[in-house]
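Engineer: The whole structure should be built from the sequences, with the hints applied where relevant.
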Amino acid sequence: QVQLVESGGGLVQPGGSLGLSCAVSGSISTVASMAWYRQAPGKQRELVALLNWDGSTNYAGSVKGRFTISEDNAKSTVYLQMNSLKPEDTAIYYCNAASHSRAIYWGQGTQVTVSS
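The working numbering numbers the first residue of the sequence shown as 3 and each following residue consecutively.
There may be inaccurate statements among the hints.
[Stated by the list, open to error] Here are the computed lysine to aspartate or glutamate pairs in the EDC-like style, where the Cα-Cα straight-line distance is at most 16 angstroms:
hint, residue 1, residue 2
1, K66, E48
2, K45, E90
3, K88, D56
By construction, these hints were calculated from the structure, which means they are not laboratory data.
Structural biologist: Structure, rendered in C-alpha cells:
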C-alpha cells in the first residue's frame, strides 16, 4: 500500500505561482510513476504532469512550460510548481502513484483557485 497526502493548495491571482507537495509513504519501493491530476467542476479528471521511474516527464499541453513536476527522494515527496496561473487552472489537484503491479493510489486532493 502507498499513502499520498497533498498540501499547498489555495487562492492565487492570475499570473501568480503556487507550489503543491505530495508526501509519499508506505511501500515506496513499489512505485513506478508519480503524477498530478486535476478535476474542475463539471469536468473529467485529467492528467496534468507525469514523472516516470526513469526521470522522464510528460505534461498536458495546457500546462507545458508553466508547470514543473519534480521529486525529492530523500523526503519522499513529489512537487508540482505552477507558474503563470490562469483562471482555467482552477480545480482540485490530486496526487497519483502507480505501482509496478499497476495498482493505482490517490491522495485526497487539494483545491487550487485562480481568481482576482
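Engineer: Evaluate each hint against the coordinates.
Structural biologist: Hints versus structure:
In summary, the hint linking K66 to E48 is supported, as the alpha carbons are separated by about 14 angstroms, within the 16 angstroms threshold. The hinted pair formed by K45 and E90 meets the criterion: a straight-line CA distance of about 12 angstroms does not exceed 16 angstroms. Proposed proximity of K88 and D56 is contradicted: the alpha carbons are some 30 angstroms apart, above 16 angstroms.
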